[in-house]
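> These are the residues of each chain, in order.
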Amino acid sequence: AQTVTQSQPEMSVQEAETVTLSCTYDTSENNYYLFWYKQPPSRQMILVIRQEAYKQQNATENRFSVNFQKAAKSFSLKISDSQLGDTAMYFCAFMFTGNQFYFGTGTSLTVIP
Amino acid sequence: GAVVSQHPSWVICKSGTSVKIECRSLDFQATTMFWYRQFPKQSLMLMATSNEGSKATYEQGVEKDKFLINHASLTLSTLTVTSAHPEDSSFYICSARDPEGATNEKLFFGSGTQLSVL
Numbered sequence: 380a381q382t383v384t385q386s387q388p389e390m391s392v393q394e395a396e397t398v399t400l401s402c403t404y405d406t407s408e409n410n411y412y413l414f415w416y417k418q419p420p421s422r423q424m425i426l427v428i429r430q431e432a433y434k435q436q437n438a439t440e441n442r443f444s445v446n447f448q449k450a451a452k453s454f455s456l457k458i459s460d461s462q463l464g465d466t467a468m469y470f471c472a473f474m475f476t477g478n479q480f481y482f483g484t485g486t487s488l489t490v491i492p
Numbered sequence: 005g006a007v008v009s010q011h012p013s014w015v016i017c018k019s020g021t022s023v024k025i026e027c028r029s030l031d032f033q034a035t036t037m038f039w040y041r042q043f044p045k046q047s048l049m050l051m052a053t054s055n056e057g058s059k060a061t062y063e064q065g066v067e068k069d070k071f072l073i074n075h076a077s078l079t080l081s082t083l084t085v086t087s088a089h090p091e092d093s094s095f096y097i098c099s100a101r102d103p104e105g106a107t108n109e110k111l112f113f114g115s116g117t118q119l120s121v122l
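Going line by line, the protein sequences match chains A and B. Start counting the first sequence at 380; every next residue gets the next number (my numbering). Start counting the second sequence at 5; every next residue gets the next number (my numbering).
Quick caveat, the hints were computed from the structure, so don't treat them as lab data. A virtual CB, placed ideally from N, CA and C, is assigned to each residue, including glycine. Hints may contain errors.
Okay, the calculated beta carbon distance ranges per label pair [as the list claims (entries may be wrong)]:
(1) Ile16/B / Ile425/A: 20 to 28 Å
(2) Thr484/A / Leu72/B: 24 to 32 Å
(3) Ile425/A / Lys24/B: 24 to 32 Å
(4) Lys24/B / Asn409/A: 40 to 48 Å
(5) Glu396/A / Glu91/B: 38 to 46 Å
Whenever a hint applies, use it, and build me the whole structure from the sequences.
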């Protein structure tokens, strides 16, 4: 069975500072994908970043980057230069090829002005 | 990028009535769509996988007679909440993958439907 764990239900960060959201997962699969999705108050799910498990290089999208540790089954999200618009729920998600997504329990991030 | 349209965005109904929610892939053909339910401040819970031209696959604990799913075309899946009761009040989200897309492992989400049963 696949599980995704986010151990931080709530976090806050000062505007312009950096914050890291944690995610661990458990799987016996070798080929899979990991994602971070953002859900702002509008509740629209927005893809933030994606990582292929076969790639050793950590994915980066502008202010968002991940620290992917495959052996440790860890997939954390770093948000640099936090902005007020980053306030949202963040969900870590896991998918192995051709199958469904598994979502973590979410981390509520508040950016403080 | 791929777009998934979900309608209505919110609905209020009386207890005992049925409500239909539509999920459309606007610029790609989705052989598989997914229906999620989300309670306030909680994660997305997969309810069922909707397969075009065949019966949906329901997750354990989800009543298939209560939540009817129809995927009659490659671009449309519907979720009907039958004989809705207040405990069915929730936020329902659909999603789909573009199997032909360059990044077909990505999920594209509808904007969700808030159902309130009085």
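> With reference to the structure, classify each hint as holding or not holding.
Results of checking the hints against the structure:
{"no.": "1", "hint": "Ile16/B / Ile425/A: 20 to 28 Å", "in the structure": "holds (27 Å)"}
{"no.": "2", "hint": "Thr484/A / Leu72/B: 24 to 32 Å", "in the structure": "holds (28 Å)"}
{"no.": "3", "hint": "Ile425/A / Lys24/B: 24 to 32 Å", "in the structure": "holds (26 Å)"}
{"no.": "4", "hint": "Lys24/B / Asn409/A: 40 to 48 Å", "in the structure": "holds (41 Å)"}
{"no.": "5", "hint": "Glu396/A / Glu91/B: 38 to 46 Å", "in the structure": "holds (41 Å)"}
Violated hints: none; the structure is consistent with every hint.
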